[in-house]
Amino acid sequence: MELIVGKYNYWMYILLMMIGFYAMIGKRNLVKKVVGMNIFQTSIILFFVSTAAKRGGTIPIVEHSSHGVQAFQYVNPLPHVLMLTAIVVMVSTFGVAMALILMIYRRYNTLEEDEILELRKQ
Amino acid sequence: MIAFFEDVIIQTVCRILTPFIQLYGLYVIAHGHHSPGGGFQGGVILGASFILLCLAYDIKEVKKRMSEQWNLLFCSIGVIIYAGIGALCLVLGGNYLDYSRLHKILFLDPIEARSMGIFGIEVGVGITVMAVMISIFLNLASEGEHERELE
Amino acid sequence: MTLPFPILIIVVPLISAFLMIVIGWWRKSLCYPLMLAALAVSTFSSVAILIHVMAHGTLHYYLGGWDPPWGIEYVIDPLNGLVAVIVSGISFLIGISSKRLAEKDFPEKLVYFNCIFLLQVTGLLGIVVTGDVFNLYVFLEIASLAGYALIAIGEDGAPFASFNYMIYGTIGACFYLLSVGYLYVVTGSLNMADLSKILPDLYHSKVVLMAFAFFAVGVAIKMALFPLHVWLPDAYTYAPSSVSSLVAPLTTKVGAYVLIRIMYTVFTPEFALNTIPAGTILCWVAATAALFGCILALAQTDLKRMFSYVLIAEVGYIALGVGLGNRQALTGAILHILNDALMMASLFLIVGALSYKEWPRKIDAFRGLHRKMPLTMASFVITALSVIGLPPTCGFFSKWYLVLGAIEAKEWLFAAVLLLSSLLNAILFFRVIEKAYFEPVLDDPHEGKPKEMEIDEAPFTILIPLLLLTAGVLSAGLLSGKIVSGVIRFAIPATF
Numbered sequence: 000m001e002l003i004v005g006k007y008n009y010w011m012y013i014l015l016m017m018i019g020f021y022a023m024i025g026k027r028n029l030v031k032k033v034v035g036m037n038i039f040q041t042s043i044i045l046f047f048v049s050t051a052a053k054r055g056g057t058i059p060i061v062e063h064s065s066h067g068v069q070a071f072q073y074v075n076p077l078p079h080v081l082m083l084t085a086i087v088v089m090v091s092t093f094g095v096a097m098a099l100i101l102m103i104y105r106r107y108n109t110l111e112e113d114e115i116l117e118l119r120k121q
Numbered sequence: 000m001i002a003f004f005e006d007v008i009i010q011t012v013c014r015i016l017t018p019f020i021q022l023y024g025l026y027v028i029a030h031g032h033h034s035p036g037g038g039f040q041g042g043v044i045l046g047a048s049f050i051l052l053c054l055a056y057d058i059k060e061v062k063k064r065m066s067e068q069w070n071l072l073f074c075s076i077g078v079i080i081y082a083g084i085g086a087l088c089l090v091l092g093g094n095y096l097d098y099s100r101l102h103k104i105l106f107l108d109p110i111e112a113r114s115m116g117i118f119g120i121e122v123g124v125g126i127t128v129m130a131v132m133i134s135i136f137l138n139l140a141s142e143g144e145h146e147r148e149l150e
Numbered sequence: 000m001t002l003p004f005p006i007l008i009i010v011v012p013l014i015s016a017f018l019m020i021v022i023g024w025w026r027k028s029l030c031y032p033l034m035l036a037a038l039a040v041s042t043f044s045s046v047a048i049l050i051h052v053m054a055h056g057t058l059h060y061y062l063g064g065w066d067p068p069w070g071i072e073y074v075i076d077p078l079n080g081l082v083a084v085i086v087s088g089i090s091f092l093i094g095i096s097s098k099r100l101a102e103k104d105f106p107e108k109l110v111y112f113n114c115i116f117l118l119q120v121t122g123l124l125g126i127v128v129t130g131d132v133f134n135l136y137v138f139l140e141i142a143s144l145a146g147y148a149l150i151a152i153g154e155d156g157a158p159f160a161s162f163n164y165m166i167y168g169t170i171g172a173c174f175y176l177l178s179v180g181y182l183y184v185v186t187g188s189l190n191m192a193d194l195s196k197i198l199p200d201l202y203h204s205k206v207v208l209m210a211f212a213f214f215a216v217g218v219a220i221k222m223a224l225f226p227l228h229v230w231l232p233d234a235y236t237y238a239p240s241s242v243s244s245l246v247a248p249l250t251t252k253v254g255a256y257v258l259i260r261i262m263y264t265v266f267t268p269e270f271a272l273n274t275i276p277a278g279t280i281l282c283w284v285a286a287t288a289a290l291f292g293c294i295l296a297l298a299q300t301d302l303k304r305m306f307s308y309v310l311i312a313e314v315g316y317i318a319l320g321v322g323l324g325n326r327q328a329l330t331g332a333i334l335h336i337l338n339d340a341l342m343m344a345s346l347f348l349i350v351g352a353l354s355y356k357e358w359p360r361k362i363d364a365f366r367g368l369h370r371k372m373p374l375t376m377a378s379f380v381i382t383a384l385s386v387i388g389l390p391p392t393c394g395f396f397s398k399w400y401l402v403l404g405a406i407e408a409k410e411w412l413f414a415a416v417l418l419l420s421s422l423l424n425a426i427l428f429f430r431v432i433e434k435a436y437f438e439p440v441l442d443d444p445h446e447g448k449p450k451e452m453e454i455d456e457a458p459f460t461i462l463i464p465l466l467l468l469t470a471g472v473l474s475a476g477l478l479s480g481k482i483v484s485g486v487i488r489f490a491i492p493a494t495f
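Protein chains in written order, with numbering that gives the first Met the number 0: chain A, 0 to 121; chain B, 0 to 150; chain C, 0 to 495.
Simulated from the structure, these hints should not be mistaken for lab results. Keep in mind that this is a model prediction, so the values were computed, not measured. We treat Cβ as the ideally placed atom computed from N, Cα and C, and that holds for glycine. Possibly wrong hints are sitting among the right ones.
[Claimed, not checked] Here are the in silico distance ranges between beta carbons for each label pair: (1) C/430 / A/114: 34 to 44 Å; (2) A/17 / B/67: 32 to 42 Å; (3) A/79 / C/155: 40 to 50 Å.
Given the sequences, and given the hints that come with them, work out the whole structure.
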């Protein structure tokens with residue numbers, strides 16, 4: 000029981016990651032694939048941020064009136080910073096994906112993968 | 000292409016709110032040290048203010064205020080500010096992005112110079128992110144015509 | 000050491016990429032010289048660093064003045080330095096040739112093409128130079144995104160091929176990010192040297208095993224190792240010639256470098272080869288890749304697609320060398336990184352020259368090509384001999400070390416696979432050479448006299464880099480002894 004309830008954040012991230020992974024591979028519409036890619040990347044962000052949490056910890060912003068920083072009071076800030084970068088990467092990848100989808104739509108007039116493969120064979 | 004739909008209430012409210020949104024975006028960039036925020040978040044809010052105008056008004060109106068050429072220039076200027084501050088630290092004798100060396104130009108002590116250095120970087124990041132958000136939205140909303148007008 | 004060269008390698012192309020947009024707005028003709036200047040500074044810095052590292056030992060550069068493990072550091076040791084020289088040198092030569100090729104394919108997008116070209120080179124060089132696992136992820140994504148954008152500019156099937164590449168590449172990069180996360184959760188550090196110190200106490204932990212598994216799959220996707228190579232043929236065939244001659248030699252080699260770096264420096268060889276059977280699995284997968292690539296290449300009629308499958312086979316050789324796990328095989332693998340980069344750059348540049356002259360890419364249409372473009376076909380012959388593995392070209396020496404390594408590890412099957420794939424490569428390339436040299440284009444089918452063809456070579460900016468790369472193929476072979484004893488001997492981790 001401890002395995003499931005105690006580590007529920009890992010189960011959540013695995014569930015989200017598998018949903019995103021299935022969407023990237025199993026769906027035929029290109030926009031759904033991009034949505035799956037977003038879910039996949041978001042699940043990894045969830046994993047990192049959840050490993051940073053501490054019981055009773057506050058947000059990792061130092062108040063200027065404090066005398067010194069006691070690390071146990073604050074949530075671990077490093078994964079948050081790493082995930083800022085990962086979010087930027089996610090948004091950039093989404094932007095490139097959208098531009099590619101626009102180019103594909105202009106060329107083939109459809110966004111279904113099987114129809115595009117049919118059109119390419121000709 | 001979705002036709003432009005004029006509605007007085009939406010247009011007036013968006014027009015009034017946009018400067019406040021931009022002010023809030025600048026606040027978020029500047030207060031990255033003291034509250035949740037920073038370059039990327041503030042840049043997204045600044046970009047969102049332009050996108051709000053795009054939704055309320057015709058895209059051509061917004062393009063008169065933020066032309067595609069200036070959009071691209073803002074992208075580059077932001078990154079040049081970022082990399083340029085790092086190169087400035089290099090020229091002043093430290094390692095790359097070693098902001099404590101900026102105390103020679105800014106006339107502060109090295110620790111405050113680090114704080115100001117990070118702030119400069121955040122401004123660069125904010126400008127670039129704003130330009131990229133607007134560019135992504137314009138590309139999608141105009142179905143790729145955005146890029147044709149550049150040529 | 001505060002020599003600024005490690006950072007110049009990366010910062011100069013990065014700033015130039017964005018300065019290019021500002022300058023392109025003002026005057027378009029200055030973009031190409033700016034790109035060449037940035038790439039030249041990078042090449043010069045990487046050569047200077049390699050000489051420094053060979054003389055004085057590993058170079059550390061602390062970004063922001065923060066000491067590791069709190070700050071990001073750039074570490075250059077002989078392996079790094081060699082790959083950095085390869086990447087910057089080849090991108091400089093390809094950059095010279097890219098102007099005419101890009102002007103032919105998309106003349107209105109030159110400023111943006113040069114900008115993204117430089118960003119791609121920045122990303123690749125950043126992967127090579129960094130000593131921090133998360134910084135590697137950032138540069139990996141920079142290089143990948145620039146690659147997706149560049150490949151999509153090509154001909155008809157290019158955006159869809161680039162979309163497929165993007166889906167695969169994102170999965171690969173996210174798996175790499177997951178492995179970084181697992182390692183961070185268990186050790187608390189992101190610095191490669193620090194991880195290699197902390198990890199040995201934790202080898203019994205399942206988290207470290209999962210981290211290795213995720214990283215291996217992620218890098219295998221980026222490197223196009225056998226079952227995960229599916230994105231490569233489409234992406235590199237439909238890309239424009241100016242782009243495929245840059246990404247084809249470099250992206251997979253940098254992926255192979257990441258494999259060596261993380262498998263043998265972060266996770267020590269004792270873990271990667273003894274505790275878990277990663278070496279054995281890698282060898283089997285790589286041997287399949289080498290055979291599979293060659294066999295599928297036989298089925299192709301398009302020259303560029305054939306070269307993409309040959310590239311998959313070459314990546315198989317490098318992975319075989321990494322997986323065998325002894326000194327000879329690893330020497331062969333690192334030497335093959337150098338040789339394969341030169342060979343693939345030359346092959347894809349030949350395709351670029353052919354497409355510039357609007358010669359069709361189907362192999363059946365190659366009749367009489369040696370009369371029309373003799374220098375290009377001469378380079379093709381020399382590079383083909385190198386891919387097959389005939390002395391004195393460079394391909395022979397790296398295959399020699401690989402076969403020696405296979406024999407030393409008593410893996411006779413892999414030595415046989417290497418020799419069989421050399422034979423298949425011979426069939427592959429001689430097919431093209433025969434069509435180009437020995438089948439004349441007849442003026443009049445009844446007379447039998449060969450048609451008079453004037454020499455119509457590609458322009459100088461394409462031809463000179465091609466000849467330089469071919470000369471590189473030959474000289475890397477003649478100097479391979481010096482390269483191995485001078486650089487590669489120190490690049491191999493000491494525990495071998």
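What hints, given by number in increasing order, does this structure fail? none
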